[in-house]
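Chains as they are written, first to last, in my numbering: chain A, 1 to 390; chain B, 391 to 433; chain C, 434 to 751.
To be clear, the hints were calculated from the coordinates, so they are not data collected in a lab. Here a beta-carbon is modelled for each residue, glycine too, at the ideal position from N, C-alpha and C. Please note that the accuracy of each hint is not assured.
Heads up, simulated DMTMM-like pairs for lysine to aspartate or glutamate below, C-alpha to C-alpha not over 20 Å straight-line [what the hints assert, rightly or not]:
{"no.": "1", "chain 1": "C", "residue 1": "Lys514", "chain 2": "A", "residue 2": "Glu347"}
{"no.": "2", "chain 1": "A", "residue 1": "Lys197", "chain 2": "C", "residue 2": "Glu680"}
{"no.": "3", "chain 1": "C", "residue 1": "Lys532", "chain 2": "C", "residue 2": "Glu726"}
{"no.": "4", "chain 1": "A", "residue 1": "Lys197", "chain 2": "C", "residue 2": "Asp471"}
{"no.": "5", "chain 1": "C", "residue 1": "Lys717", "chain 2": "A", "residue 2": "Asp166"}
{"no.": "6", "chain 1": "A", "residue 1": "Lys82", "chain 2": "C", "residue 2": "Glu726"}
{"no.": "7", "chain 1": "A", "residue 1": "Lys197", "chain 2": "C", "residue 2": "Asp720"}
{"no.": "8", "chain 1": "A", "residue 1": "Lys167", "chain 2": "B", "residue 2": "Glu429"}
{"no.": "9", "chain 1": "C", "residue 1": "Lys631", "chain 2": "C", "residue 2": "Asp471"}
{"no.": "10", "chain 1": "C", "residue 1": "Lys717", "chain 2": "B", "residue 2": "Glu429"}
{"no.": "11", "chain 1": "C", "residue 1": "Lys514", "chain 2": "A", "residue 2": "Asp166"}
{"no.": "12", "chain 1": "C", "residue 1": "Lys594", "chain 2": "A", "residue 2": "Asp166"}
{"no.": "13", "chain 1": "A", "residue 1": "Lys82", "chain 2": "C", "residue 2": "Glu680"}
{"no.": "14", "chain 1": "C", "residue 1": "Lys631", "chain 2": "C", "residue 2": "Asp648"}
{"no.": "15", "chain 1": "A", "residue 1": "Lys197", "chain 2": "C", "residue 2": "Glu726"}
{"no.": "16", "chain 1": "C", "residue 1": "Lys532", "chain 2": "B", "residue 2": "Glu429"}
{"no.": "17", "chain 1": "C", "residue 1": "Lys633", "chain 2": "C", "residue 2": "Glu657"}
{"no.": "18", "chain 1": "A", "residue 1": "Lys197", "chain 2": "A", "residue 2": "Glu347"}
Interface residues of chain B toward chain A, partial, derived using beta-carbon atoms under 10 Å [stated by the list, open to error]:
{"no.": "19", "residue": "Val394"}
{"no.": "20", "residue": "His399"}
{"no.": "21", "residue": "Phe402"}
{"no.": "22", "residue": "Phe403"}
{"no.": "23", "residue": "His404"}
{"no.": "24", "residue": "Thr405"}
{"no.": "25", "residue": "Glu406"}
{"no.": "26", "residue": "Ser407"}
{"no.": "27", "residue": "Thr409"}
{"no.": "28", "residue": "Tyr410"}
{"no.": "29", "residue": "Thr421"}
{"no.": "30", "residue": "Leu427"}
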Amino acid sequence: MYENDSTDEKSWITPFNVVAGLIVVIGLVITILRFTGGLATVTNLSDYNPWGIWIGFDLLVGVALAAGGYVTSAAVYIFGMKRYHSAVRPAILTGFLGYALVVLALHYDVGRPWRLPYPFIVQQGTTSVLFEVAACVALYLAVLFIEFSPAAMEWLGIKRARNLVDKLTLLLTILGVVLSTMHQSSLGALFLIAPSKLHPLWYSPFLPIYFFITSIIAGLSMVILESTLSYRYLKHKMDEVYLKEKNDVTLGFGKAASFVLAGYFIIKFFGLSSGNDWRYLGTGYGIWYLVELFGFVALPCVLYAVGVREKNLVLIKWTSVLAVLGIVVNRFNVCLIAFNWHLPSSERYVPHWLEIGISIFIVTLGILAFRFIVTRMPILYTHTDYKDSH
Amino acid sequence: MDNVFYTLHDFFFHTESITYLLIVPVLVGITLFWKFLAEKEDE
Amino acid sequence: MSISRRKFLGWVGAAGLSTVWSGPASAATTKHFEGYPDSLGVLFDNLLCIGCRTCEEACNKVNELPPPEQSFKDLSVLDQKRRTTAKTYTIVNRYNSSKGPMFRKIQCNHCLEPACASACFVSAFKKTKEGAVTYDASVCVGCRYCMIACPFEIPAYEYDKVLEPRIMKCTMCYPRVIKGLLPGCVEICPTEALSFGKRKDLIRMARDRIHRYPDRYVDHIYGEHEMGGTNWLYLSGVPYTEVDMREDLGVTPASELTAGALSSVPMIVGLWPVLLTGIYAINKRSDKIAKHERELAVDQAEKAASEEAAKSKAKEDS
């Protein structure tokens, strides 16, 4: 019923398309540079700084922000919050695209991307935290693909396979939560091996738990943010059920995010206390740590709470932006800013603009893919054939 | 049995490898066991 | 009995788990590992080093590395704070210490429990029984996690290579050592600042030097315990921090740092499905009860309504 309007009514030349097109062209040029000149031509990576923003942003932030898929499907299918059902498909789609783009970004970052399957098929480095991350990300990408596939199959009219996958919902959801718990936390565990390089305020044996809990915050906040942006730009694709549940989702997820942020704030303090790191708080890094803790954890926690109590949807939506920024700040701190803090400033890493170019290119690809799919497949509305299925 | 682990790394490599091998049958097994448990109720 | 036993072993084999029983036993029940008993190492004594850079040159030659930017004869580079790179496995730096100029040789320390090996997700690094930590470029994906993990900041990467970038680091001249030759740097050293031998002998030798010249040496063999111990050992006339060697690395082997996190994996796999399915089942059950109660309430309401109707009808009739 919505199939044709976007292509027929408007011209393709919109400001958004022009900017996105430009970014894609620039991104392709940098891609050619990367794969003909090597990492040295497009990155500022060095022997001291082997990981830059392609890991710090594309991998660490990317995976955290794609957590909406497991958080939402767990809320609806396991915790029985059926009133958020309309939020599941957009969250799964965001998650699926997020993980797909993480894997794409890794092809730029690793030295020999055609060998990415090696840890599974050639030699298993089972003692490596990265092995676990790689295995879980690969498996979870497959799970997300299957979880997303019913939308595509409804669009294509493949009914039997669609119904088969639908029966697997609970199994896939639980598997998704298991895999997400493992790799979201393991991304933090990656840094456990380098206590001599990461600033003591950020280094903690609780890093895996911090990363897992923040992934829940990221997932909840991304669902709010994504639904806000979709409403703004893709409203015509939404059905009555989605529109009716939308504000409930914002309020409910805002409430959950606020409470999880409170828990995270508490465990961060226990972490400080158990590491006896108080003395660092007076230093420059300490002030930056407090900015992260109060500006990007405590503040969104309070703002979400006020927004939920006063049913102020606008406040909740803006807070979701702050919370998502907080995830970016946290991952950058662990991976880039507080990492190698012992080195003189001349040896520290600052991203090359071409690295930033690739990251923007990949995010743009994600937005374009999201729009392409949402304007075609039943994501924000229920397909007419399956109106009564839930 | 004449092999001995000389390093912690080798020991972990051995135990972790077995853990990963076990995970697959464990996940399948627990799923089937739940089906066995819940089967009668659903009818 | 025997049949069931055979059956059981058959299942075990089918599950691919026979390794559990036939695999190597741990060296000690307390799970304390001492490393390969006769592994080899090098002792560097900075009181004997004169900063001639011939070890750098020999290393370059035996490992067939690209020619250096500045000649090995040029000693002015000693004052720069250089590190190992993709083109140099070892370098010597000069530091102005409390006892005058002091040299430090940097190369892979060949840890007893290598962080790089623990971090590598394709097991490209191997701790050999000879002591060397070797690297196999033929499986390397190029994730560079080993560089993140190495506490001594040794592995370097060929960022400028497009198709076959490799991690580059000292091999303790493993190919030479297994042929019975000395590592290139040790062989060339004109002052015996470098001694090659069994690690345990080197430790005894170092202790002996400290014992004989307690005024000259710092009472600490660097590498004996750092990060679980290394096959490359150091003696120094000044505190190690004065020659830019970190004394805050601790003695915990790298593999132990991530062991806790990794051991939580099977716990999640084992318990999350139980917990989550349990929550699901509780919700399903309360849904069912709610539905049942709703039906009951509707039934009662209907019943009451019909009784009411019947009563009022009866009244009307009478």
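Going down the list of hints, with the structure as the test:
For the proposed pair Lys514 (chain C) and Glu347 (chain A), the alpha carbon gap of about 11 Å is at most 20 Å, so the pair holds. Distance restraint check for Lys197 (chain A) and Glu680 (chain C): the Cα-Cα separation of roughly 13 Å lies within the 20 Å cut-off, and the hinted pair is therefore satisfied. Of the pairs offered as hints, the one joining Lys532 (chain C) and Glu726 (chain C) is violated, with about 88 Å between alpha carbons and a cut-off of 20 Å exceeded. Between Lys197 (chain A) and Asp471 (chain C) the CA atoms are separated by roughly 32 Å; this puts the pair beyond 20 Å, and the hint is violated.
For the hint pairing Lys717 (chain C) with Asp166 (chain A), the CA-to-CA distance comes to about 17 Å; that is within 20 Å, so the pair holds. Distance check on the hinted pair: Lys82 (chain A) and Glu726 (chain C) sit about 19 Å apart at the alpha-carbon level, within 20 Å; holds. With a C-alpha separation of about 52 Å, the suggested pair Lys197 (chain A) and Asp720 (chain C) falls outside the 20 Å cut-off, and the hint is violated. Distance hint between Lys167 (chain A) and Glu429 (chain B) is fulfilled; the C-alpha atoms sit about 15 Å from each other, no more than 20 Å.
Among the hinted pairs, Lys631 (chain C) with Asp471 (chain C) is consistent with the structure: their alpha-carbon atoms are about 6 Å apart, no more than 20 Å. Under the criterion of a C-alpha separation no larger than 20 Å, the hint pairing Lys717 (chain C) with Glu429 (chain B) is consistent with the structure, at around 14 Å. As the CA atoms of Lys514 (chain C) and Asp166 (chain A) are separated by approximately 62 Å, the hinted pair breaks the 20 Å bound. Pair hint Lys594 (chain C) plus Asp166 (chain A) does not hold up; C-alpha atoms about 47 Å apart against a cutoff of 20 Å.
Distance check on the hinted pair: Lys82 (chain A) and Glu680 (chain C) sit about 57 Å apart at the alpha-carbon level, beyond 20 Å; violated. Using a Cα cut-off of 20 Å, the hinted pair Lys631 (chain C) and Asp648 (chain C) is violated, with the two alpha carbons roughly 26 Å apart. Note on Lys197 (chain A) and Glu726 (chain C): the hinted pairing is violated, with a Cα-Cα distance of about 60 Å set against a maximum of 20 Å. Note on Lys532 (chain C) and Glu429 (chain B): the hinted pairing is violated, with a Cα-Cα distance of about 80 Å set against a maximum of 20 Å.
A hinted pair counts as satisfied when its Cα atoms are at most 20 Å apart, and Lys633 (chain C) with Glu657 (chain C) qualifies at roughly 10 Å. Only pairs whose Cα atoms come within 20 Å are accepted, and Lys197 (chain A) paired with Glu347 (chain A) is accepted, the gap being roughly 13 Å. Hint status for Val394 (chain B) relative to chain A: violated, with the closest Cβ pair at about 18 Å, above 10 Å. Because the smallest distance between the Cβ of His399 (chain B) and any Cβ of chain A comes to about 6 Å, under 10 Å, the interface hint for this residue holds.
A cut of 10 Å between beta carbons decides the hint on Phe402 (chain B): the least distance to chain A is about 5 Å, and the hint holds. Interface hint status for Phe403 (chain B): upheld, as the beta-carbon distance to the closest one in chain A is roughly 5 Å, under 10 Å. The restraint placing His404 (chain B) at the interface with chain A holds, with a minimum CB-CB distance near 9 Å, inside the 10 Å limit. Because the closest C-beta pair between Thr405 (chain B) and chain A is about 9 Å apart, less than 10 Å, the hint holds.
Proximity of Glu406 (chain B) to chain A holds as hinted, the smallest CB-CB distance being about 4 Å (cut-off 10 Å). Of the supplied interface hints, the one on Ser407 (chain B) holds, with its beta-carbon coming within about 5 Å of a beta-carbon of chain A, less than 10 Å. The interface hint given for Thr409 (chain B) is met, as the beta carbon of that residue sits about 8 Å from the closest beta carbon of chain A, less than 10 Å. Among the interface hints, the one on Tyr410 (chain B) holds; its C-beta lies about 6 Å from the nearest C-beta in chain A, closer than the 10 Å criterion.
Taking 10 Å as the C-beta contact cut-off toward chain A, the hint placing Thr421 (chain B) at the interface holds, the least distance being around 7 Å. The closest approach between the C-beta of Leu427 (chain B) and any C-beta of chain A is roughly 14 Å, which is over the 10 Å cut-off, so the hint fails.
Hint compliance for this structure: hints 3, 4, 7, 11, 12, 13, 14, 15, 16, 19 and 30 are not met, and every other hint is.
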